[in-house]
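Undergrad: Here is what each chain is made of, one letter per residue.
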Amino acid sequence: MLIDTLKTLCALPGASGMEDAVRDFIIREARPHADEIITDSIGNLMVFKKGRKAPQKRLMLAAHMDEVGVIVTGITDDGYLKFDFVGGVDRRVVIGQRVRFGGILGVIGLRAVHLASKEKEDEVPKTEDLYIDIGTSDRQSAEKIVSLGDIGTFDSGILEFGDGFFKAKAIDDRVGCAVLLELIEEDLAVDTWFAFTSQEEVGTRGGTVAAYRIEPEIALIVEGTTAADLPSVKGTNKICSPGKGVVIPFMDKGTLYDRELYAQLTSLAEKNGIPWQTKQLIAGGTDAAAVQRSRAGVRTAGIAAAIRNIHSPSCVGSIRDFEGLLRLARLFIEAQGE
Amino acid sequence: MDLKESIIELASIAGPSGSEGAVARRVSELLAPLVDEVRIDNLGNVIGYKSCGKKGAKRLLIDAHIDEVGLIVTGIEEGFLKFSTIGRVDPLMLPARQVKVLTDPPIYGVISSMPVHVLTPAEMNKAAKPEDMYIDIGFSQEEAVRIVPLGTPIVLDARVESLQGDVLTGRAFDDRACMAIIIDALSALRDRELEVDLIVMGSAQEELGCRGATVGTFSVAPDYALALDVTHAKTPDYKREKAFNLGGGPAIGVGPNVSRKLSDRLIAIAKEKGIPYQIEPMGGNSGTNAWVMQTSREGIATGVVSLPLKYMHSPVETMKLSDAEAVSRLLGEFVLSMKGGEL
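Residue numbers (the numbering used here), protein chains in the order written: chain A, 1 to 338; chain B, 1 to 343.
Keep in mind the hints are simulated off the structure, nothing from the lab.
Ideal Cβ placement from N, Cα and C applies to all residues, glycine included.
Take the hints with a grain of salt, since some may be wrong.
[Said to hold, decoys possible] Coverage of chain A stretches by chain B, computed from C-beta distances (three or more under 8 angstroms per stretch; other residues unrestricted):
| no. | segment |
| --- | --- |
| 1 | 212-222 |
| 2 | 286-293 |
| 3 | 307-314 |
[Stated by the list, open to error] Below, simulated DSS-like cross-link-like pairs (lysine-lysine); rule was C-alpha separation at most 27 angstroms, straight line:
| no. | chain 1 | residue 1 | chain 2 | residue 2 |
| --- | --- | --- | --- | --- |
| 4 | A | Lys144 | B | Lys234 |
| 5 | A | Lys120 | B | Lys129 |
| 6 | A | Lys144 | B | Lys239 |
| 7 | A | Lys118 | B | Lys273 |
| 8 | B | Lys126 | A | Lys238 |
| 9 | B | Lys242 | A | Lys126 |
| 10 | A | Lys120 | B | Lys234 |
| 11 | A | Lys238 | A | Lys53 |
| 12 | A | Lys118 | B | Lys129 |
| 13 | B | Lys271 | B | Lys242 |
| 14 | A | Lys244 | A | Lys7 |
| 15 | B | Lys234 | B | Lys273 |
| 16 | A | Lys244 | B | Lys82 |
| 17 | A | Lys82 | B | Lys234 |
| 18 | B | Lys273 | B | Lys58 |
| 19 | B | Lys100 | A | Lys244 |
| 20 | B | Lys100 | A | Lys7 |
| 21 | B | Lys82 | B | Lys58 |
| 22 | A | Lys118 | B | Lys126 |
| 23 | B | Lys82 | B | Lys126 |
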């Protein structure tokens, strides 16, 4: 089941540069179904699976394994950790949240509201003024269990709520990984490369070298994308909305998606009764930017699940959208054999 | 149940001010075997009596509040909940926060964070006002209106977990940890002969201004009262005098809100028994139920003992178990020291 796979994947730690746990899990699940498995120096995982025939053009689906996180930059005399972000994190969503470095749990603290000075009480502290409390009270005890450069991820429970909604950390882009993994376990229409990329959140680093190695002619990036559909956000600033269908983007900050593939995806969705929407604001970017301009160029399309509070400990998406994402990816693969 | 377990259990129950029922019921169950009688009063205070069996014995009230800060539903827009706060909640702690909406049965949701692309740089450096935030419960407007009545209380949802050593992090340690401490101290006194009648109060609505303790103290009319509450522990962003050391033991309040006789006795006992302690000078209002207890009826000799706590009123309140144990010991020794029911 897609949702069970997603739950497992979201619970795994995998900030950029330390995707090991995610990669190991996917390898274990994919191995019985794969014809070839490649890992590389940057941490990508590439899985080839033969289909019923060869596609018209060499096909690659990609999803990134990494998530945003924190990296330890200092340890204070009184045993707190100083940190910076790995990937783009809005510091407003981390205050009072939990982070985990393997077996070490910490909380991002903030003086009690009673102790804030009047003029500063609604001021968001700068990242360099934030700290992680792991319960140690001196430098030595902290240094025994944490080192500079240790990378942590949010520690946040998984929750199904409302009318088919799902909350977890790292839905961006474990939802893409879950979709690819489901497809690997199926009978495929055409031969397909599946790239599980590393380091997307720090600048599509893994996608760059994965695309170079696989040399696809057609690529589909399966992602999570920012939704901002709050009542107070007006019109197109909402971008897209969880529960309203698979997001098929025509353009974002990094990529003008291939027009023909965009049309192919929207018509596949229409014909097969898969609800879809597009992004109503040019925002965000994906591995598509790296893949599209790989070598002599790759015709690249994208599909995504709309995610609220993306890059936070509490990403929210719609399970129906996740299922739509899987169906549309499957139809896209089939279409490459026609 | 040991102290740690009962702290975790009581802190895990949702009970914002005015909706303390579930906490009050559990506290009643835990108190029942330790006291002669337990009741819940008109405002939701839990009150237990334990007589020492001596005629004309003085009466000591031991109080901890059982409410917690929270949120309350004030409106529904496009299926999202609008809310206001119950007690002092830091808006900086709210974005991307999982919440429990106390419908029957409860439902869960997430406080949405305002996306970056619609904010100006200045807005990105300011906390949004709670009135401008939304709770995502994953329902349509129609369903949301059907499921969530206006006025439904909400709590921040978080598990209690261990950090390094004996440090715990979680929600509502303010003031459930102190309620658990009172139960722990009472268990330890179970077979001891006392010379003072004990009244235990788990008071309601402290976070809105000591409302439960006002009526509860009036109704039990004690001779002495002791408020157990939390106090701020030092953190990297607040190290000044108003904060105390996590691990430094109970903070014993000293100042006009406290009977000097009582604070002197508490300090003397801590010294004599080797219990670590800190002195918390309080210029005026202690910010605890002691404020209303002191002036109840014709006046009551009142004391304050506090558990050091970091990040008060947040879902990551952080405390040290050794402090809680020390508070429990101090409380027990204090009760035992009241020979002839006198200070």
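Undergrad: Hint check: Lys244(A) vs Lys82(B), CA-CA at most 27 angstroms. Holds or violated?
TA: At roughly 22 angstroms apart (the allowed maximum being 27 angstroms), Lys82(B) and Lys244(A) satisfy the hint.
Undergrad: Does Lys242(B) pair with Lys126(A) here, judged by a C-alpha cut-off of 27 angstroms?
TA: 23 angstroms, holds
Undergrad: For the pair supplied as a hint, Lys120(A) and Lys234(B), is the alpha-carbon distance within the 27 angstroms limit?
TA: Distance ~18 angstroms between Lys120(A) and Lys234(B) Cα, so the pair holds.
Undergrad: Do the alpha carbons of Lys144(A) and Lys239(B) lie within 27 angstroms of each other, as the hint requires?
TA: 25 angstroms, holds
Undergrad: Against the 27 angstroms threshold, does the CA-CA distance of Lys144(A) and Lys234(B) hold or violate the hint?
TA: 23 angstroms, holds
Undergrad: Hint check: Lys238(A) vs Lys53(A), CA-CA at most 27 angstroms. Holds or violated?
TA: Distance ~41 angstroms between Lys238(A) and Lys53(A) Cα, so the pair is violated.
Undergrad: With a cut-off of 27 angstroms on the C-alpha distance, tell me whether Lys82(B) and Lys126(B) pass.
TA: At roughly 19 angstroms apart (the allowed maximum being 27 angstroms), Lys126(B) and Lys82(B) satisfy the hint.
Undergrad: Decide if the proposed pair is consistent with the structure: Lys273(B) and Lys58(B), CA atoms, cutoff 27 angstroms inclusive.
TA: 24 angstroms, holds
Undergrad: Checking one constraint from the list: CA of Lys118(A) to CA of Lys273(B), max 27 angstroms. Satisfied?
TA: 41 angstroms, violated
Undergrad: Is the Cα-Cα distance between Lys234(B) and Lys273(B) 27 angstroms or less?
TA: Holds, at roughly 26 angstroms.
Undergrad: Given the hint that Lys100(B) pairs with Lys244(A), test it: the Cα-Cα distance must not exceed 27 angstroms.
TA: Status holds; Cα separation ~25 angstroms.
Undergrad: Counting residues of the segment 212-222 of chain A that have a beta-carbon nearer than 8 angstroms to any beta-carbon of chain B, does the count reach 3?
TA: violated (count 0)
Of the numbered hints listed earlier, those contradicted by the structure are 1, 2, 7, 11 and 21.
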